[in-house]
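Undergrad: Taken in sequence, the protein lines are chains A and B.
Numbering follows my numbering, with no gaps: position 55 of the first sequence is 55.
Numbering follows my numbering, with no gaps: position 21 of the second sequence is 197.
Mixed in with the good hints there might be a few duds.
Claimed, not checked - Calculated pairs, DSS-like style, for lysine-lysine (alpha carbon to alpha carbon, straight line, at most 25 Å):
(1) LYS247(B) x LYS57(A)
(2) LYS11(A) x LYS245(B)
(3) LYS125(A) x LYS141(A)
What the hints assert, rightly or not - Ranges of calculated distance between the beta carbons of each label pair, as one might list FRET restraints:
(4) GLU19(A) x LEU268(B): 23 to 29 Å
(5) GLY272(B) x ARG85(A): 52 to 58 Å
(6) LEU277(B) x ALA88(A): 55 to 61 Å
(7) HIS239(B) x ASP153(A): 40 to 46 Å
(8) LEU243(B) x THR144(A): 29 to 35 Å
(9) LYS16(A) x LEU284(B): 39 to 45 Å
(10) LEU277(B) x SER86(A): 57 to 63 Å
(11) THR144(A) x GLY272(B): 55 to 61 Å
(12) LEU268(B) x THR144(A): 52 to 58 Å
(13) GLU213(B) x LYS16(A): 30 to 36 Å
By construction, these hints were calculated from the structure, which means they are not laboratory data.
If you're wondering where the values come from, they're calculated on a predicted model, not measured in any experiment.
C-beta: ideal position from N, C-alpha, C; glycine also.
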Amino acid sequence: MELDLLVSNFKNKDEKAFEKLYNMYSDSMHGVIFNIVRDHEIAEEVMQDVFIKAWHKADSYNASKGRFFTWILNIARNAAIDKTRSKAYKNSNKNLNAEFFVDILETSENLNDKMDTIGIGKYVKALGEKCKKIIEYLYFKGYTQKETSEELDIPIGTIKTRNRNCIKDLRAMVLE
Amino acid sequence: MDLQAYIDSGVLELFVAGQLTDQENKEVQELMLKHPEVLQEVLQIESAVIKLSSAMSPGNNKHLLQLIKDKLHLGGKDVKVVSIEKAKYNWLTYTGWAAALIVGAGLLWTMNQNKQLEVQVSDAEIEKAYLEVQIEEAKTDLAVKQNLLNVLRDRDIISVPLGGQGDFANSYAKVYWNKSDNSIYLDAQGLPNAPEGKVWQVWSLTLNPLTPTSLGTIDNFNDDDNKIFNIANANESQAFGITLEPAGGSETPTMEQLHTLGVVSQP
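Same shape as in the complex, but just chain A:
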């Protein structure tokens, strides 16, 4: 599979492979990071940190531990969350508690000029409230199932299947 080869080359510090992977995942990571930090400049700063970290930590990636996307998603989430915990960030008085990714898709905060963003935003609004939050926590905030169940006040045993159904809905909206 092409991705395997790309990742393998990337692990060998192949610059071209790095560029390709950046092009494949940078928008996604940018979205995840921005969703957490909610600041264009800081998001750009974290973006650089994430891919620099990925380059240096390339050796630590192993396919048996998960998808490459999941690996870099994890780096991005952690870097963005670390950023929000920094003193400088806290001094900027950002209140993030009430914000969800859906806001980005709905408001003019998104400067993305990609055509399909508008379409996706329209569809995603149709997702159930619980789905929006489950996806937000599990994918974009990196909460564990336990943290997610506590946050949403739903039994931990149902998180897995609820999430499955939410992703199913999402797939129907964005892939079909």
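Got chain A sorted already, so can you dock chain B onto it with the hints?
TA: Relative to chain A, chain B alone:
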């Protein structure tokens, strides 16, 4: 294992979210390799999440790649450093330089050879010119000798041996007289070189009465190689004599210095 039940459990969604344990991750990975439908499912989940998160991206980030590469010292100005390091193990570079050196050395050698050959050619040219001169001289010499031989063989030639006289018994000479063209060839090989301030003078004689007529002095005697001299003689000579005279010659022969004398034998 019931694959559909496994897929429906929602474990693959958690796999993509990175919420599984190492053991569970390993299991999914193995199933993905074994069952295309599992892989397909994972790809779809991943793709949906990527689409959604990409839609959240606040803007273009292509310019960030260059900043990242700069910070990682990839490409651009730092490429040189990398390439130098690589060059350490690059046989092609070594071979290239080696080839260049060999070609360069070969070129120098060829140029040197060329220069040497040019010198040799010019030497050869000089030698050739020298040889040409020698050949020319030899040809001329041969022509002269051929001419002499022709003269000596001519049946009209009168040969007159001149014997040594008095104190000069060892001296001798020979006159070849060609009456048809009024000239003589004097072979004076038997005469010594004329001393400083002296010169050989040739005389034509008639015997009754004894009358000497000067045929001239041989001023270039000492320098001449074959000692054969062509002298005009329109006289009705009866004898020839050679005397040693003071430089410039004399009106009459100095009889004490008469070295050789020969009488023309009448046919």
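Undergrad: LYS247(B) and LYS57(A) were given as a pair; does the straight-line alpha-carbon distance stay at or below 25 Å?
TA: Cα-Cα ~15 Å, so holds.
Undergrad: Please check whether LEU277(B) and ALA88(A) have a Cβ separation lying inside 55 to 61 Å.
TA: Given a distance of about 59 Å, which is inside 55 to 61 Å, the answer is holds.
Undergrad: Check the following: the C-beta atoms of GLY272(B) and ARG85(A) are separated by a distance inside 52 to 58 Å.
TA: holds (55 Å)
Undergrad: Holds or violated: LYS11(A) with LYS245(B), Cα cutoff 25 Å?
TA: Judged against 25 Å, a Cα distance of about 16 Å means the pair holds.
Undergrad: Confirm or reject the claim that THR144(A) and GLY272(B) have a C-beta distance inside 55 to 61 Å.
TA: Given a distance of about 58 Å, which is inside 55 to 61 Å, the answer is holds.
Undergrad: Verify the CB-CB distance for GLU213(B) and LYS16(A) against the hinted window 30 to 36 Å.
TA: holds (32 Å)
Undergrad: Does the Cβ distance between LEU268(B) and THR144(A) fall inside 52 to 58 Å?
TA: holds (53 Å)
Undergrad: Cβ-Cβ distance between LYS16(A) and LEU284(B): within 39 to 45 Å?
TA: Holds: the Cβ-Cβ distance is about 43 Å, inside 39 to 45 Å.
Undergrad: CB of LEU277(B) to CB of SER86(A), is that within 57 to 63 Å?
TA: 58 Å Cβ-Cβ, so the 57 to 63 Å window holds.
Undergrad: Given the hint that LYS125(A) pairs with LYS141(A), does the C-alpha gap stay at or below 25 Å?
TA: Holds - the C-alpha atoms of LYS141(A) and LYS125(A) are around 19 Å apart, at most 25 Å.
Undergrad: Between the beta carbons of HIS239(B) and ASP153(A), is the distance compatible with 40 to 46 Å?
TA: Distance hint for HIS239(B), ASP153(A) holds at roughly 43 Å.
Undergrad: Is it true that LEU243(B) and THR144(A) lie within 29 to 35 Å of each other by Cβ?
TA: holds (33 Å)
In this structure, none of the earlier numbered hints is contradicted; all agree with it.
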